[in-house]
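J.: These are the residues of each chain, in order.
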Amino acid sequence: MLDFLLSILVLTGASFAFIGSLGLIRLKDLYTRLHGPTKATTLGVGSLLIASAIYFSIYSEQISLHEFLITIFLFITAPVSAHLLAKAALHLGLPSLAEIPKAEEADQTEMTETVQTGATEAFEKNERIGSDNASPDEKARPAESKSITKTPRTPDQTQS
Amino acid sequence: MLAISIQIAFALVTAAVAMSFWRLLRGPDAPNRILALDTLYINTIAILVLLGIHLGSALFFEAALLIALMGFIGTVALCKYLLRGDIIE
Amino acid sequence: MTRLLPHPVLTPVLVLIWLLLNNSINTGQILLGLIFGWAIPVLTIHFWPEAVSIRKPLVLLRYITVLFHDIIMANFTVARLILGNPDKLHPIFIKVPLDLTSDLAISLLANSITLTPGTLSARLSDDQSYLLVHALNETDPDTLVATIKQRYENPLKEIFESC
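Those protein sequences? They're chains U, X and Y, same order as listed. UniProt numbering puts the first residue of the first sequence at 1, with every later residue one more than the last. UniProt numbering puts the first residue of the second sequence at 1, with every later residue one more than the last. UniProt numbering puts the first residue of the third sequence at 1, with every later residue one more than the last.
Only chain U is shown next, with the shape it has when bound in the complex (with noise of 0.2 Å):
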């Protein structure tokens, strides 16, 4: 009986692990994707820390009760880690399916002013150029990017 619970529990938490991961993979744009992992997956760790919790308490001498603490753990963390992507997704306007309202383009003009656009552009050309690299067949870049990429085979045609 308790072998049959434990098993539903580890089997459901596994199950929910895997269907948040999946996620990852299914959906097209990032803002639905952060649904997945959030939900998902602290439900999956949730009940499998559970089950833990319950196996440790029946086999060994003492209650064990320690598992509590990841699981209330990941339910205050995971909402604040999607939020963060969330808006740093906004703040770099990352594609979406969805239609972002305007308001929030206008703060993010407001917002990249200074000396953060130059360090974050500069990430995320570095990112375009790795990614190019790993998958010819991704979809068309930006022209700045093209050219960007063209730069490393120049040193070569020299040499040659």
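These are computed hints drawn from the structure, not numbers from a lab. Here a beta-carbon is modelled for each residue, glycine too, at the ideal position from N, C-alpha and C. One thing to keep in mind: the hints can contain errors.
If you anchor each label on the Cβ, the simulated ranges turn out as follows [what the hints assert, rightly or not]:
| id | chain 1 | residue 1 | chain 2 | residue 2 | range |
| --- | --- | --- | --- | --- | --- |
| 1 | Y | N22 | X | A3 | 24 to 34 Å |
| 2 | U | S57 | Y | T139 | 44 to 54 Å |
| 3 | U | D3 | Y | N22 | 24 to 34 Å |
Put chains X and Y on the given structure of chain U with help from the hints.
T.: Just chains X and Y now, kept in the frame of chain U:
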């Protein structure tokens, strides 16, 4: 029965780790990779907890707790970097 | 009183975390936890801008129950949406106007929104007047805003803000 379901759970969580790793390699941009890292560390906690039940050892709890703490701090630091271009202001 | 015990809510929470971390309820551990629970708030008093006061503990308890129920439901909803056809999803950004003013209540509301059915708080406007929420699959924004306000914001307002 518990032994069999733990085996199945191992397979499912390993597949989850593989999928988040795929997203980590594929990108295509920084926030997607951070999201993949975030999922990766949560799945790692799941694997450690499963391993703890499988081997009947409570030692894995500390490792899982540390990964939870460090993973969260890492995600926040990377997001801050994207938002500000700097981690410590 | 305020100097000796600056955060009456924080102390029991710290004791509880200490006991969970040690996984025991020895007298020694309880004493040590009480010492930490008293010393940490006193020593870090400058890092805490405002004291937390819970006005209605019963409402908080009910809120937590509702939230847990919603989180479990949300997981099944999102799992079904992920396993279904991703092309049929209808994601949307919604602005939720805020009535809350305290920082703690707003952050709790944002966290609750992220943990519950298919919604995700994406950005708080600079003047804290609205919260930008991303919904995974929603065709009726007005109902969603009404639900969020009625289900989460009103209890939070009751708990943390006297009115």
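J.: Now tell me, hint by hint, if it's right for this structure.
T.: We went through each hint and held it up to the structure:
no., hint, result
1, Y:N22 <-> X:A3: 24 to 34 Å, "30 Å, holds"
2, U:S57 <-> Y:T139: 44 to 54 Å, "46 Å, holds"
3, U:D3 <-> Y:N22: 24 to 34 Å, "29 Å, holds"
Hint compliance for this structure: every hint is met.
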